[in-house]
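As given, the protein sequences belong to chains E and X, one line each in that order.
Those letters in the first sequence? Residues 1 to 470, by my numbering.
Those letters in the second sequence? Residues 1 to 75, by my numbering.
It is worth saying that the hints were derived from the structure and are not from the lab.
Certain hints may be false.
[Unchecked claim] Calculated cross-link-like contacts (lysine-lysine; reagent style DSBU-like; alpha-carbon spacing at most 35 angstroms): (1) E:Lys-57 with E:Lys-112; (2) E:Lys-261 with E:Lys-243; (3) X:Lys-38 with E:Lys-337; (4) E:Lys-243 with E:Lys-112; (5) X:Lys-33 with E:Lys-88; (6) E:Lys-88 with E:Lys-112; (7) E:Lys-57 with E:Lys-85; (8) E:Lys-261 with E:Lys-337; (9) E:Lys-296 with X:Lys-33.
[Claimed, not checked] Sample of chain E residues facing chain X (criterion: CB under 7 angstroms; computed from the structure): (10) Gly-362; (11) Ala-366; (12) Leu-384; (13) Glu-394; (14) Pro-395.
[Unchecked claim] Label-pair restraints from in silico Cβ distances: (15) X:Glu-18 with E:Glu-373: 43 to 51 angstroms; (16) X:Asp-71 with E:Ala-453: 43 to 51 angstroms; (17) E:Thr-385 with X:Pro-53: 29 to 37 angstroms; (18) X:Asp-30 with E:Asp-278: 36 to 44 angstroms; (19) X:Lys-33 with E:Ala-13: 51 to 59 angstroms; (20) E:Tyr-209 with X:Glu-18: 47 to 55 angstroms; (21) E:Asp-39 with X:Ser-56: 51 to 59 angstroms; (22) E:Ser-393 with X:Leu-66: 42 to 50 angstroms; (23) X:Arg-51 with E:Lys-57: 56 to 64 angstroms.
Quick reminder that beta carbons are idealized off the backbone N, C-alpha and C, glycines included.
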Amino acid sequence: MSAFLPSIAEAAADIRSGALTSAALTETCLDRIARYDSDIHAYHVVLADEARAAARKADEELAAGMDRGPLHGIPLALKDVFYWKGQKTTSNSRVMIDFEADEDATAIVKLKEAGAVLLGQLNTYEFTFGGRPSYLPPFPPAMNPWNFARITGGSSSGSGAAVAAGLCLGALGTDAGGSIRLPAAFNGIAGMKPTIGRVSGFGDMPLTYSFDCVGPMAWTTHDCALMLQAIAGYDPRDPGSGKVPVPDYVAGIEDGVAGLKIGVIRHFYTDDFASPLDIVRAIDGVGQTLSGLGAKVTEVSVSPLIDWHAVGRVLVPAEAYAIHEERLQTQWETYGKLARNRLMLGGLFRAVDYIQAQRRRGELLAEMNAVLEDCDVVITTGTLTPTPPFDDSEPFPFIDVPTIPIPFNLTGHPCHVVRAGFGDDGMPIGAQIAGRHWDEATVLRVSHAFEMAAGLLDRAPEIGGPGGGQ
Amino acid sequence: MDVHYREKPMSAQDRMFEAIIEASGVPVQDNEKAELRKAYTTLMELAARTRVPGRSWEVRTLPHYLPEAPDEDAP
Chain E
1 MSAFLPSIAE
11 AAADIRSGAL
21 TSAALTETCL
31 DRIARYDSDI
41 HAYHVVLADE
51 ARAAARKADE
61 ELAAGMDRGP
71 LHGIPLALKD
81 VFYWKGQKTT
91 SNSRVMIDFE
101 ADEDATAIVK
111 LKEAGAVLLG
121 QLNTYEFTFG
131 GRPSYLPPFP
141 PAMNPWNFAR
151 ITGGSSSGSG
161 AAVAAGLCLG
171 ALGTDAGGSI
181 RLPAAFNGIA
191 GMKPTIGRVS
201 GFGDMPLTYS
211 FDCVGPMAWT
221 THDCALMLQA
231 IAGYDPRDPG
241 SGKVPVPDYV
251 AGIEDGVAGL
261 KIGVIRHFYT
271 DDFASPLDIV
281 RAIDGVGQTL
291 SGLGAKVTEV
301 SVSPLIDWHA
311 VGRVLVPAEA
321 YAIHEERLQT
331 QWETYGKLAR
341 NRLMLGGLFR
351 AVDYIQAQRR
361 RGELLAEMNA
371 VLEDCDVVIT
381 TGTLTPTPPF
391 DDSEPFPFID
401 VPTIPIPFNL
411 TGHPCHVVRA
421 GFGDDGMPIG
431 AQIAGRHWDE
441 ATVLRVSHAF
451 EMAAGLLDRA
461 PEIGGPGGGQ
Chain X
1 MDVHYREKPM
11 SAQDRMFEAI
21 IEASGVPVQD
31 NEKAELRKAY
41 TTLMELAART
51 RVPGRSWEVR
61 TLPHYLPEAP
71 DEDAP
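Chain E on its own, in the form it takes in the complex (with noise of 0.2 angstroms):
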């Protein structure tokens, strides 16, 4: 599906027919991976032999006939921010090179359980705090495959680029202010920020303690269904966890969009922010497509851009200046400029400005429910701009330009990125598609439906740009 590998849907069904074998579309990665990582630096660390080791236990097991379900078997990776027994969990900083945890994240027990084959870690901003990536950390900034000249976004920046550039068919994010759905708009694929609490965070370094999301990312909605399926779930280890029960997300996935009401939030990317004329046209389209579909598109309006941005610009970074203050005063010189300098912005606030941001986000979530309560899922844009160009000069980019993915960390609604068509300069443009809480399966519906229809998905980059050495 991806152009570069079948989709995660397609392996798990030519794996259980036997045309494919876990064995063999492992080594495929591993190939893609040795010949294009020296480039895109999406991994981290690649466990080749771990991964090959994996891939024959699933064949195994499968011709045994042990079926852990539509992951046994499937290459996948993960953002170096998950603890993982074994191995060090650096969060792309000095601060952390030689953390080794003593126990698996909940989400890595998760898909070993479903048999997944774990290629490695990948990249992301050091200490996943947002803006533009940085060449300090130990490890060199993942480069967007579509064109090495534009970021991936972050802070899931190699989650992004390996599954653009096929060098695994899922990988794990997290999202604390758009880490998963910024990087999955600016590489073109899919990603999914479920519902908080929906996807156990232990064992995921945190950047914050009200908004870390965990959620997969991949080049489809469907396999995003898929994976989400096989992490989420109650987890005593995460205070934050719901005990909620985990619905089906695939059964209703071909169901269409006939007969739901979807609202647009056209205003934050044309009157809160004038988005260029290309992204504007693409969002539209989406609306377009589902009212095509059978679907209730109306648009709709809730309080400006620029309020929610000032509630995250608040609460993000105060949250993580917090996680961080004693390393901070006793290791200042081992981070990264541009980390530490987006960590001590939190320290500047007054506990009355945190409290105060507290309650306008009280505020915020319910103007955005009464919204969902007469919409089944909302659309906004994925991003406001244009991939913009890889320069790490400036240092707080995010404080002054509006973060759009932010109104649904602070509501904690379940939120994916889609690919909505491409823009003036061939860059991928994504869009937001929110919808109630515990309710990922009606937004990944809707964002299938439109994927389906969009036919946009055939598209793959060629890695590094036109011309780049695909």
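Following the hints, put chain X in place on chain E, whose structure we already have.
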């Protein structure tokens, strides 16, 4: 002509910024402090936007904390 130069007094925001940095115990270098100072003005403007004049004290903070109900009390 006798010209008297007077050092511009620090604004309240300047004093607050300097005090917070000093009190933080984080060894921020002077050149990085200058970048943070610029960002601080924007951050304080954003923080001001989260205040709503006349807001009722019934508007509480998120997230709410509620102890888990014992099983026998669960609905």
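Against the structure, the hints come out as follows:
Among the hinted pairs, Lys-57 (chain E) with Lys-112 (chain E) is consistent with the structure: their alpha-carbon atoms are about 12 angstroms apart, no more than 35 angstroms. At roughly 28 angstroms between alpha-carbon atoms, Lys-261 (chain E) and Lys-243 (chain E) fall within 35 angstroms of each other, so this suggested pair holds. At roughly 16 angstroms between alpha-carbon atoms, Lys-38 (chain X) and Lys-337 (chain E) fall within 35 angstroms of each other, so this suggested pair holds. Between Lys-243 (chain E) and Lys-112 (chain E) the CA atoms are separated by roughly 22 angstroms; this keeps the pair inside 35 angstroms, and the hint holds.
Between Lys-33 (chain X) and Lys-88 (chain E) the CA atoms are separated by roughly 32 angstroms; this keeps the pair inside 35 angstroms, and the hint holds. Our distance criterion of 35 angstroms between C-alpha atoms is met by Lys-88 (chain E) and Lys-112 (chain E), whose separation comes to about 18 angstroms. Distance restraint check for Lys-57 (chain E) and Lys-85 (chain E): the Cα-Cα separation of roughly 19 angstroms lies within the 35 angstroms cut-off, and the hinted pair is therefore satisfied. Only pairs whose Cα atoms come within 35 angstroms are accepted, and Lys-261 (chain E) paired with Lys-337 (chain E) is rejected, the gap being roughly 46 angstroms.
Between Lys-296 (chain E) and Lys-33 (chain X), the direct Cα distance comes to roughly 52 angstroms. Violation of the 35 angstroms bound is thereby established for this hinted pair. A distance limit of 7 angstroms between C-beta atoms decides the matter here; for Gly-362 (chain E) the minimum to chain X is near 5 angstroms, and the interface restraint holds. About 9 angstroms separates the beta-carbon of Ala-366 (chain E) from the nearest beta-carbon of chain X, more than 7 angstroms, and the hint is not met. A hinted interface residue such as Leu-384 (chain E) counts as satisfied when its beta carbon comes closer than 7 angstroms to some beta carbon of chain X; here the least separation is about 17 angstroms, so the hint is violated.
Residue-level restraint check for Glu-394 (chain E) is violated (minimum Cβ-Cβ distance to chain X is 10 angstroms; threshold 7 angstroms). The restraint placing Pro-395 (chain E) at the interface with chain X holds, with a minimum CB-CB distance near 5 angstroms, inside the 7 angstroms limit. Evaluation of the 43 to 51 angstroms hint for Glu-18 (chain X) and Glu-373 (chain E) yields a pass: the beta carbon distance comes to about 48 angstroms. In this structure the hint that Asp-71 (chain X) and Ala-453 (chain E) lie 43 to 51 angstroms apart at CB holds, the actual value being about 47 angstroms.
In this structure the supplied range 29 to 37 angstroms holds for Thr-385 (chain E) paired with Pro-53 (chain X), their Cβ-Cβ distance being about 32 angstroms. Evaluation of the 36 to 44 angstroms hint for Asp-30 (chain X) and Asp-278 (chain E) yields a pass: the beta carbon distance comes to about 43 angstroms. Between Lys-33 (chain X) and Ala-13 (chain E), the C-beta spacing of about 58 angstroms keeps the proposed range 51 to 59 angstroms intact. Against the hinted window of 47 to 55 angstroms, the Cβ-Cβ separation of Tyr-209 (chain E) and Glu-18 (chain X) comes to about 29 angstroms, which falls outside the hint.
Separated by about 56 angstroms at the C-beta atoms, Asp-39 (chain E) and Ser-56 (chain X) satisfy the suggested range of 51 to 59 angstroms. The hint said 42 to 50 angstroms for the Cβ distance between Ser-393 (chain E) and Leu-66 (chain X), and at roughly 46 angstroms that hint holds. At about 58 angstroms, the beta-carbon gap between Arg-51 (chain X) and Lys-57 (chain E) stays in the expected band of 56 to 64 angstroms.
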